[in-house]
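Enquirer: Model the full structure from these sequences, guided by the hints.
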Amino acid sequence: MAQPAFEDLVDDFEFLDDWEDRYRHVIDLGKAMPPLEDAFKVPATKVDGCASQVWLVPDVSGDTFQFRGDSDAMIVRGLIAVLTALYNGVEVEKVPTVDAGGELARLGLNDHLSAQRSNGLRAMIDRIRGVAGQAA
Amino acid sequence: MYDIQSVRSDFPILSREVNGKPLVYLDNGASAQKPQVVIDAVTRGYAEEYSNVHRGLHYLSNLATEKYEGVRGTVARFLGAASEDEIILNSGTTEGINMVAYGWAMPRMEAGDEIVLSIMEHHANIVPWHFLRERQGVVIKWVDVEPDGSLDPQKMIDAIGPKTKLVGITHMSNVLGTVVDVKAICTAARDKGVPVLVDGSQAAVHMSVNVADIGCDFYAVTGHKLYGPSGSGAIYVRKDRMAEMRPFMGGGDMIRDVTRDTVTWNDPPMMFEAGTPGIVQTIGLGVALDYMTGLGMENIAAHEAKVRDYARDRFKGLNWLQVQGDAPGKGAIFSLSIEGAGHAHDISTVLDKKGVAVRAGSHCAMPLMDAMGINATCRASFGLYNTEAEVDVLIDALELCHDLFA
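Chains A and B, in that order, give the protein sequences.
Note that numbering that gives the first Met the number 0 has the first sequence beginning at 0, numbered continuously upward.
Note that numbering that gives the first Met the number 0 has the second sequence beginning at 0, numbered continuously upward.
What the hints contain is simulated information worked out from the structure, not anything from laboratory work.
Treat the hints with care, since some could be wrong.
[As the list claims (entries may be wrong)] Computed Cβ-Cβ distance ranges for the label pairs, DEER-style:
| hint | chain 1 | residue 1 | chain 2 | residue 2 | range |
| --- | --- | --- | --- | --- | --- |
| 1 | A | A4 | B | R313 | 40 to 46 Å |
| 2 | B | D351 | A | P42 | 27 to 33 Å |
| 3 | B | K20 | A | T63 | 41 to 47 Å |
| 4 | B | G251 | A | P42 | 42 to 48 Å |
| 5 | B | R15 | A | E36 | 44 to 50 Å |
| 6 | B | A304 | A | N87 | 53 to 59 Å |
A virtual CB, placed ideally from N, CA and C, is assigned to each residue, including glycine.
Expert: Here's what the structure looks like:
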């Protein structure tokens, strides 16, 4: 079982059978996510390897991993919202062991993960794993 | 009569599906698909006719050399060059322009000398000149485009000063589709004694080009946009300019004699073709140019103009869609964005799901994007096989984007 917030997403996505509805839902998740303040949009938080601009602000100060993120692309913002549901609240040392590919497949979103895709989902996951791995 | 269905059937990839939808390929500005005759020529080149060129006296070497060298004449005729000795075969426009930068401009430009460029150049016609700026203090003078994306040739001409050593200008913008009156620029520049390099990467694909009529000194083209193999290309260099050029790359084939202490060069244009070239790619390029000539450049241009007009009219009916650049006589290249809704990458992701291939980003033309005040656009660029029906598919997909992102 993944985080409760992610399991809720799995329940929601179960009713969406075509890509158009899934995309619509991903976009809505992005719209609902609070935007990152401009002060956090700095080179240190920027994730390379994304065709659009992506920022991730991780917090490993407590026992559990938390992050916030943003992008200037709406689908990517939505994917960030999905990743916050997947990772936020996970114990820091367990973050690198989360099977992101497997979990995203449950939402029908794993096609975003392929190496050729330049939406940066893989780069974001690598950043999250790297930060958590170093802190653990 | 341009039989579009017959033309489409020449391109096997156009019958495939992408994401369960028929492919609508509108990324021709980045690279074009290949007709079966080119694919066959490449296969045959390796299966039956392959050897190195300009070396060896054996049968296959002679055969490959004959085919490869034949392309020099094909390119010369395609571009309207007076002689095939004015054609240097290479890997594409980037190599061609770098060769002019290193071989012609570098030895004769000093700190403070100027190169005049339009703001809508592709990076291939910008970055080599930045090398000269960084390394020897050459000054780049930029000429802006008008709000509609057109380029006033007089502004290019007026930018030519006593320190100007070269003018670099695209014949057709890869972002806006703007066609530039390069002849007017070349005529005036010649009066001032300044050579002109024309980037023909886009233009040569869509219209009949005649370098003698244009009066340019250099004209660079790239094979993969001309329905030929990637890694092929050519640059026209007028005879007197070629005589002024020093070799760019050293190696085999471009020399006559090499001793411990001396080296003498082969005659131009061979002097500018070091090492084993893209033999089969070049042979494929020759076949691609013959294919285009067979269809007729005038016919291709007329067909594309029809599709362009249809697309332009349909785009105008969508008040939420912005099209960058609407210069009179522009080519069938459209840079699109949706007001307040969706990044270019969002749009291209959704279009991809609908089987529509477009380019999203800054199109290797960051100074132009900066001048227009935009980050990224989606570019739909049409080729000789695209249809009005494909414009409709594109617009349906854009309407879905508007619905999703607005």
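Enquirer: So which of those numbered hints doesn't the model satisfy?
Expert: Going through the list in order, the structure violates no hint and respects every one.
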